[in-house]
Amino acid sequence: MDRPSTTPSPVAAFFDLDKTIIASSSALAFSKPLLREGLINRRAALRSAYAQLVFSLAGADAAKTERMRAEVSALCAGWDVAQVSAIVRETLHDVVDPLVYAEAAELISAHRADGHDVVVLSATGEEVVAPVAEMLGATRSVATRMQIVDGRYSGEVDFYCYGENKAIAAKELAATYGYDLTQCHAYTDSSTDIPLLEVVGRPHAVNPDRVLRKHATEQGWEILAFEHPMSLRTRIPARSAGLVALGAVAAGATWYGYNRRKRTR
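In the numbering used here, the protein residues as written are 6 to 270.
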């Protein structure tokens, strides 16, 4: 998803999706509508692995990456792409809206108010990530792309937006849109995204896993706590470009810290 801008910003804020913007796995969130439409069976929906595999490998460590990628590719093989996209669009607000961290929404609003581009980078499939990013008012998104043959997933992956590939995507976006990576921000919960955090000048660990927390502490990176999922539905239109007037409910500390850091730089 890429909404063209006539004046690209030299600064971007890169956000992971699962457990950074939303308080869950996007794969797990969409399990019920996919089950209802017959794309998965009940056994697959109940398996704990499903939440990690369908369109999202963000919670996996590097050692498990290839095995999990093979499993998700096999699971999605044969799915009709148009059907998946329709399911996501039709259920987006019911499924994802209640899971959005108020703190993340406030930060997105703050970055947009400062003229920064907001980019969602996610291992989740682009058919899920693009509409979620659009709902949040992000400027653009980069996600995992499954190979499509005759309108169906072939079971192969064209681009896996995970680990080092997120850092590569950030560098490519910087080259395309003129971002100064030394001035860019990145937010993520996962140690697998350390390569992304290392390419920006302003890395932030959000609800970090144990490995990321240790690394962030050693590097002196800021650690943020997002704790309050809150529905956006009553506060912004579905296609809002700026998340204007979200308010500071449950995000005052995050907003204060962000502005205090700006004044000290």
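These are computed hints drawn from the structure, not numbers from a lab.
Treat the hints loosely; a few may be bogus.
Derived DEER-like restraints, expressed as beta-carbon distance ranges [unchecked claim]:
#1 153 <-> 95: 18 to 24 angstroms
#2 118 <-> 183: 28 to 34 angstroms
#3 159 <-> 215: 33 to 39 angstroms
#4 219 <-> 98: 35 to 41 angstroms
#5 173 <-> 153: 32 to 38 angstroms
#6 161 <-> 88: 18 to 24 angstroms
#7 164 <-> 94: 35 to 41 angstroms
#8 216 <-> 98: 32 to 38 angstroms
Quantities reported herein were computed from a predicted structural model and do not represent experimental measurements.
Using N, Cα and C, we set each Cβ at its ideal position, and we do this for glycine too.
Evaluation of the provided hints:
1. 153 <-> 95: 18 to 24 angstroms: 20 angstroms, holds
2. 118 <-> 183: 28 to 34 angstroms: 20 angstroms, violated
3. 159 <-> 215: 33 to 39 angstroms: 36 angstroms, holds
4. 219 <-> 98: 35 to 41 angstroms: Since residue 219 and residue 98 have Cβ atoms about 37 angstroms apart, the given range 35 to 41 angstroms holds.
5. 173 <-> 153: 32 to 38 angstroms: Violated, since residue 173 and residue 153 (Cβ atoms, about 22 angstroms apart) do not stay within the stated range.
6. 161 <-> 88: 18 to 24 angstroms: Roughly 19 angstroms apart at Cβ, these two residues keep to the hinted range, so it holds.
7. 164 <-> 94: 35 to 41 angstroms: 22 angstroms, violated
8. 216 <-> 98: 32 to 38 angstroms: Between residue 216 and residue 98, where Cβ atoms are some 34 angstroms apart, the hint holds.
Hints 2, 5 and 7, counting from the list given before, are not met by this structure.
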